[in-house]
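Using the hints, position chains B, C and D against chain A.
There are 4 protein chains.
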Amino acid sequence: ELDQFCDDLNKTRPEYVKSFQYESRLMLSTWIVVRIDGCHFHRFSDVHEFEKPNDAQALNLMNACAVAVLEEFRDVVFAYGVSDEYSFVLKKDSQLYQRCASEIVSSVVSFFSSTYTMSWNEFFPQKEMKHLPYFDGRAVCYPSIEIIKDYLAWRQVDCHINNQYNTCFWLLVKSGKSKSDAQSYLKGTQTQEKNELLDRLTGIINYYNTLPPMFCLGSSVFWDKETKRVDNEEGATGKSRRIVVVGHCNIIETGFWEAHPQILDEKV
Amino acid sequence: ELDQFCDDLNKTRPEYVKSFQYESRLMLSTWIVVRIDGCHFHRFSDVHEFEKPNDAQALNLMNACAVAVLEEFRDVVFAYGVSDEYSFVLKKDSQLYQRCASEIVSSVVSFFSSTYTMSWNEFFPQKEMKHLPYFDGRAVCYPSIEIIKDYLAWRQVDCHINNQYNTCFWLLVKSGKSKSDAQSYLKGTQTQEKNELLDRLTGIINYYNTLPPMFCLGSSVFWDKETKRVDNEEGATGKSRRIVVVGHCNIIETGFWEAHPQILDEKV
Amino acid sequence: ELDQFCDDLNKTRPEYVKSFQYESRLMLSTWIVVRIDGCHFHRFSDVHEFEKPNDAQALNLMNACAVAVLEEFRDVVFAYGVSDEYSFVLKKDSQLYQRCASEIVSSVVSFFSSTYTMSWNEFFPQKEMKHLPYFDGRAVCYPSIEIIKDYLAWRQVDCHINNQYNTCFWLLVKSGKSKSDAQSYLKGTQTQEKNELLDRLTGIINYYNTLPPMFCLGSSVFWDKETKRVDNEEGATGKSRRIVVVGHCNIIETGFWEAHPQILDEKV
Amino acid sequence: ELDQFCDDLNKTRPEYVKSFQYESRLMLSTWIVVRIDGCHFHRFSDVHEFEKPNDAQALNLMNACAVAVLEEFRDVVFAYGVSDEYSFVLKKDSQLYQRCASEIVSSVVSFFSSTYTMSWNEFFPQKEMKHLPYFDGRAVCYPSIEIIKDYLAWRQVDCHINNQYNTCFWLLVKSGKSKSDAQSYLKGTQTQEKNELLDRLTGIINYYNTLPPMFCLGSSVFWDKETKRVDNEEGATGKSRRIVVVGHCNIIETGFWEAHPQILDEKV
Numbered sequence: 372e373l374d375q376f377c378d379d380l381n382k383t384r385p386e387y388v389k390s391f392q393y394e395s396r397l398m399l400s401t402w403i404v405v406r407i408d409g410c411h412f413h414r415f416s417d418v419h420e421f422e423k424p425n426d427a428q429a430l431n432l433m434n435a436c437a438v439a440v441l442e443e444f445r446d447v448v449f450a451y452g453v454s455d456e457y458s459f460v461l462k463k464d465s466q467l468y469q470r471c472a473s474e475i476v477s478s479v480v481s482f483f484s485s486t487y488t489m490s491w492n493e494f495f496p497q498k499e500m501k502h503l504p505y506f507d508g509r510a511v512c513y514p515s516i517e518i519i520k521d522y523l524a525w526r527q528v529d530c531h532i533n534n535q536y537n538t539c540f541w542l543l544v545k546s547g548k549s550k551s552d553a554q555s556y557l558k559g560t561q562t563q564e565k566n567e568l569l570d571r572l573t574g575i576i577n578y579y580n581t582l583p584p585m586f587c588l589g590s591s592v593f594w595d596k597e598t599k600r601v602d603n604e605e606g607a608t609g610k611s612r613r614i615v616v617v618g619h620c621n622i623i624e625t626g627f628w629e630a631h632p633q634i635l636d637e638k639v
Numbered sequence: 372e373l374d375q376f377c378d379d380l381n382k383t384r385p386e387y388v389k390s391f392q393y394e395s396r397l398m399l400s401t402w403i404v405v406r407i408d409g410c411h412f413h414r415f416s417d418v419h420e421f422e423k424p425n426d427a428q429a430l431n432l433m434n435a436c437a438v439a440v441l442e443e444f445r446d447v448v449f450a451y452g453v454s455d456e457y458s459f460v461l462k463k464d465s466q467l468y469q470r471c472a473s474e475i476v477s478s479v480v481s482f483f484s485s486t487y488t489m490s491w492n493e494f495f496p497q498k499e500m501k502h503l504p505y506f507d508g509r510a511v512c513y514p515s516i517e518i519i520k521d522y523l524a525w526r527q528v529d530c531h532i533n534n535q536y537n538t539c540f541w542l543l544v545k546s547g548k549s550k551s552d553a554q555s556y557l558k559g560t561q562t563q564e565k566n567e568l569l570d571r572l573t574g575i576i577n578y579y580n581t582l583p584p585m586f587c588l589g590s591s592v593f594w595d596k597e598t599k600r601v602d603n604e605e606g607a608t609g610k611s612r613r614i615v616v617v618g619h620c621n622i623i624e625t626g627f628w629e630a631h632p633q634i635l636d637e638k639v
Numbered sequence: 372e373l374d375q376f377c378d379d380l381n382k383t384r385p386e387y388v389k390s391f392q393y394e395s396r397l398m399l400s401t402w403i404v405v406r407i408d409g410c411h412f413h414r415f416s417d418v419h420e421f422e423k424p425n426d427a428q429a430l431n432l433m434n435a436c437a438v439a440v441l442e443e444f445r446d447v448v449f450a451y452g453v454s455d456e457y458s459f460v461l462k463k464d465s466q467l468y469q470r471c472a473s474e475i476v477s478s479v480v481s482f483f484s485s486t487y488t489m490s491w492n493e494f495f496p497q498k499e500m501k502h503l504p505y506f507d508g509r510a511v512c513y514p515s516i517e518i519i520k521d522y523l524a525w526r527q528v529d530c531h532i533n534n535q536y537n538t539c540f541w542l543l544v545k546s547g548k549s550k551s552d553a554q555s556y557l558k559g560t561q562t563q564e565k566n567e568l569l570d571r572l573t574g575i576i577n578y579y580n581t582l583p584p585m586f587c588l589g590s591s592v593f594w595d596k597e598t599k600r601v602d603n604e605e606g607a608t609g610k611s612r613r614i615v616v617v618g619h620c621n622i623i624e625t626g627f628w629e630a631h632p633q634i635l636d637e638k639v
Numbered sequence: 372e373l374d375q376f377c378d379d380l381n382k383t384r385p386e387y388v389k390s391f392q393y394e395s396r397l398m399l400s401t402w403i404v405v406r407i408d409g410c411h412f413h414r415f416s417d418v419h420e421f422e423k424p425n426d427a428q429a430l431n432l433m434n435a436c437a438v439a440v441l442e443e444f445r446d447v448v449f450a451y452g453v454s455d456e457y458s459f460v461l462k463k464d465s466q467l468y469q470r471c472a473s474e475i476v477s478s479v480v481s482f483f484s485s486t487y488t489m490s491w492n493e494f495f496p497q498k499e500m501k502h503l504p505y506f507d508g509r510a511v512c513y514p515s516i517e518i519i520k521d522y523l524a525w526r527q528v529d530c531h532i533n534n535q536y537n538t539c540f541w542l543l544v545k546s547g548k549s550k551s552d553a554q555s556y557l558k559g560t561q562t563q564e565k566n567e568l569l570d571r572l573t574g575i576i577n578y579y580n581t582l583p584p585m586f587c588l589g590s591s592v593f594w595d596k597e598t599k600r601v602d603n604e605e606g607a608t609g610k611s612r613r614i615v616v617v618g619h620c621n622i623i624e625t626g627f628w629e630a631h632p633q634i635l636d637e638k639v
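Chains as they are written, first to last, in this note's numbering: chain A, 372 to 639; chain B, 372 to 639; chain C, 372 to 639; chain D, 372 to 639.
The shape of chain A in the complex, shown without the other chains (with noise of 0.2 Å):
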């Protein structure tokens, strides 16, 4: 009876079937940035009483999926995450799944996700996971480093003016007003009336300039060198090893990549 199913075969046209498989493979020779976001997150972080504006475990859970994530594709040379939203940067030249974008997309949130639901007893220890954490993905191509550049550039820009807006936004509710009010008293306000409003409501001066650095500027990962000072008989020597790293910098300014050329170097 089963075998009736090769006496089908014949009947089932599977280079037919199959013709309608179509690649779109991502421009050779250019730059792919695979961003990824939260699905759901807003309610993801209320179901687990995430702190408000920034909590600092799951952003710091966020940061060890990308950094397995760089350990994982070794043609990623660079990531940069600001909340529930991370982008991975593959090198110019990268081959992986012949630069199929759905192959590509798919398998960096798919082991992102995996890594983020197996590692949440690690940062969450005291508590459930009552949803399960997922992510929708995207590759856009960039055919230079001035391009890749000013694409990272606009990501750090958003998550400084999201989380300037969204400290005096819980400041203002912690403070009595309601969520309606707390939006209309913000809306228009330029940045120098934020941290003005910011300073008067902590009573702290520069209070921004006070904040965490991952807050204010999302977080870097990439590959570094270690050096480890080993002490042995003959003195002190350094021993160094690559390692993926997670900074807090300002990857507006050149200094960042000046200091680290090898980040986006093209002959790699």
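Rather than coming from a laboratory, the hints here were simulated on the basis of the structure. Errors might be hidden in some of the hints.
Identical copies look the same in the list; a pair holds intra-copy or inter-copy alike.
Here are the simulated EDC-like pairs of lysine to aspartate or glutamate, each with C-alpha atoms no more than 16 Å apart in a straight line [stated by the list, open to error]:
| # | residue 1 | residue 2 |
| --- | --- | --- |
| 1 | Lys501 | Glu629 |
| 2 | Lys545 | Glu422 |
| 3 | Lys638 | Glu564 |
| 4 | Lys520 | Glu386 |
| 5 | Lys423 | Glu493 |
| 6 | Lys389 | Asp521 |
Frame of chain A; chains B, C and D shown alone:
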């Protein structure tokens, strides 16, 4: 210092940078299949000592994840799984993510992966997860019901062919042959010969037909009516509700589709 | 000296350079529409003093080009034209250029353009061609007969609406109104009002219905049977052959399609 | 009766029908090449008795069409032609048709085709055009100046290889060999052998180098400064203007690009 970002804002060109994004939308009014495949699952199944050629618990875990996908993504009307692969069929007029390929594929893959990781302990309480499971995915559109059925038939024929081969292969290996000898032995054999080999190796007539249907036919997942007998004062009545069920049916023949006309109903 | 080229051959990277090429293939088993539009035809019709709102000879020239397209590209089963626009419908299973969008669109547009240029003198023997005519084009796929008919209906509705508007507009202008006054006058008017205006301006009851069908209904081009009466010794018999015909029919209503079932026959 | 169309308007679903249209936009900030090829030009050149292996007038006609393309489409910065093929390079930041592939390709092909048809008599005053010339086209993007130069070098190497082969082939045929004998004879011969064969067949030393550069090097078309000597009362001065020129240069070596830095200038 941090506020310098905002001054940098104008130097970055957010609109220009954003305009590199390119949404690949799947053709309207066509059936979308999202097919996911395990990445490095050969290694994954070795490390976790999955039974060969089929590990029932590993398949049950895959099926549980597929059930969760149907419950989370209501536009998925059917799923078919075999080995570390699953195909999800979205209804013809789905507007999920405005039919953007990346978002649809990545969110389904991501949700599946998180569910797999989360549910591992339930299916393998004795086994620690040593490697992270992850999957890649792709979307294909099919313009008619006939072709979507041909697609599913193709996957089921593949399931059967692979299962028959693998069943022979592992029986030969267990009988003492080396893997490469087993491979040579099977090269070019037809269905009939493989069946005779199975009967000879096991001493069981029609051995292949004694295998669990899940191994030979794969798993079909869909919404179905469940009718419960309810006994109350007025006597017994049936109460029905829709639930996601897992079956191991012949989906190549028309009988299955005639018995479940609601699955590919174009009017829904 | 010239042979140095060959030494340079290895320096160039033909395979790498070729791999940037990317074929966008149109989905199998769907109806392909190639729609072409005149480029700068406003200028072109002014320079050649086409009659307003419709120049019968200019339309006849367009139709002759469409007939030539059907004769050259045998997968084109229907064409519909209005003004400087023409839509060509390719049969569902066409394998023209392996369904590569660029090649299909460009070859049809190119052939149409050459024919237009070549045939100019035949239709405008008194007028020298002062500007080169050219067209742009695009391909769209439609997955069912219903939607392809909806597409064609959409174009014919557009034809009617534009024609009614333009007929009013040019009668107003000929009656002495400036172009901008005519525009203001017509703004927001409904079909009924436009018809009354036409009757008033011309003094002819139901003026719109007296216009040539080609202006109101556009042109439909397709293969049809031509039956010729042949008188010979044994008496009169009908001899039929297939030719491309140009009609001005209502293609929105089902009657046309019922009378010409072979046009969109999926089995051909 | 005709007005029934408008009642039908709501039955058609223009927005739905339109939403099937899909714009394939070419990546921003990349060099676009539109390459066109003659359709059935083997037949076309036979019918019009073009000289073998190269017909100078046919090439001059192609070049005249390319010049017209550069004059009409101001974003085209360079064109390279050989045989019935022409490649047009659009500047990196071209916004022509918002970089929609179909529109760019089809309008260039269409304009080229009309020009070819229109100019036929000028180049072949004695020959009636018996078949309509038409071309297909495609667009490819290249992300850097290096790769666009590699692309052009690839086309010129192809020109040389084909020309050398064809020159040998037709000399053999003219010497009395059949076409298939000539083919067999040339199979596997290297550049050096072909050159010796040419010298032997013609009795001219370095025969290949005596061929017109247009045959060996193809044609390059670009904007250049033309300086005219103007004699007036104050003496002679140079007056310059930009015109489109046709050259037959080695574009594989860097010399050409160094001498014409404005052609691929990224800042323009």
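So, going through the hints one by one against the coordinates:
1. Lys501 - Glu629: Answer is neither: 44 Å inside a copy and 39 Å across each miss the 16 Å cutoff.
2. Lys545 - Glu422: within (12 Å within a copy, 56 Å between copies)
3. Lys638 - Glu564: neither (46 Å within a copy, 39 Å between copies)
4. Lys520 - Glu386: between (43 Å within a copy, 14 Å between copies)
5. Lys423 - Glu493: Neither. Shortest intra-copy (21 Å) and inter-copy (33 Å) distances fail the 16 Å Cα cut-off.
6. Lys389 - Asp521: This pair counts as between: shortest inter-copy Cα distance 10 Å, intra-copy 40 Å.
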